[in-house]
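**Student:** Mapped onto the numbering used here, the consecutive letters of the sequence shown carry residue numbers 357 to 613.
Please note: incorrect hints may appear among the correct ones.
[Unchecked claim] Across the chosen pairs, the derived CB separations fall in these ranges:
#, residue 1, residue 2, range
1, Gly576, Val390, 32 to 38 Å
2, His463, Glu591, 28 to 34 Å
3, His365, Ala553, 19 to 25 Å
4, Gly496, Lys607, 32 to 38 Å
5, Thr409, Glu546, 38 to 44 Å
[Unchecked claim] Simulated crosslink set (PhoX-like; lysine-lysine; CA at most 25 Å straight-line):
#, residue 1, residue 2
6, Lys428, Lys394
7, Lys542, Lys611
8, Lys611, Lys600
Don't read these hints as lab results, they were simulated from the structure.
Note that CB positions come from ideal geometry on N, CA and C, so glycine has one too.
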Amino acid sequence: MVIACDGLHSVIRKQLHPGECEPVYSGVNMWRGVTRWKPYLGGETYVRGGWLTCGKMVIYPIRKALDANGLKLINCVTEVTTPVYERRDWSRQGRLENFIHVFEDWHFDWLDVPAMIRAADVLIEFPMIDQDPLPWWTQGSVTLLGDAAHPMVPRGSNGAGQAIIDAQALADCLARSGGDVEEALKRYKEQHLAATANIVLTNRKNPPDAILREVYERSGDKPFHHIDDVISQAELAAITDSYKRVAGYDKASLKSA
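Make the full structure from the sequences, and use the hints.
**Tutor:** Shown next, in the form of structure tokens:
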């Protein structure tokens, strides 16, 4: 049995589907940085702001402890709509001049965003790319798992989350197969092929961060005092819960897994 979980550039996937089309670029490029910075808003706050057409950021601490200088390790993810991008490579070094201008006016009384970006120890670049769903994953005793099976736009921890769900499903199929590997892999494919294809396509039109799009469009990108002035808590929950059900992250799906 061969389980190919060799990621975005899967060698096995290419052997199974040598004529597969090129990756599909979403029109959004991403830059990620890790910065040693002073704690903000109490020190444990996850920030998500802006929108793709005007610059979007996700900022959060990735280490609880402070270093000797009283600084935390902060992860910042920037996403910007642009036709310019390089081939996907998780280790590609990013260049400040390609995106920093979008965030130059992001100065808050609790955080100077452009200064934090410029102070990054590490800065990498990655295009928001996926691939069209495959018609099949399994051939005999060979199958695909995780990004090798269904590369998705990297939002909402999709890659890691779906790989975990795949692995659990595959383990269950193997445990129930009575030793028939090919039947187990066939059942695994039948259970998850359509579901993961739906996740790939949903991320193209209504991703998990669609809440930011709604707020951006409803507010006209103007300041407001409270989120309830723009969108109700019920609507926020409905958007989040809808994506959870598609991705299999809702409580009912997780309890039945």
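**Student:** Looking back at the hints listed earlier, which ones does the structure fail to meet?
**Tutor:** Violated hints: none at all, because every hint is consistent with the structure.
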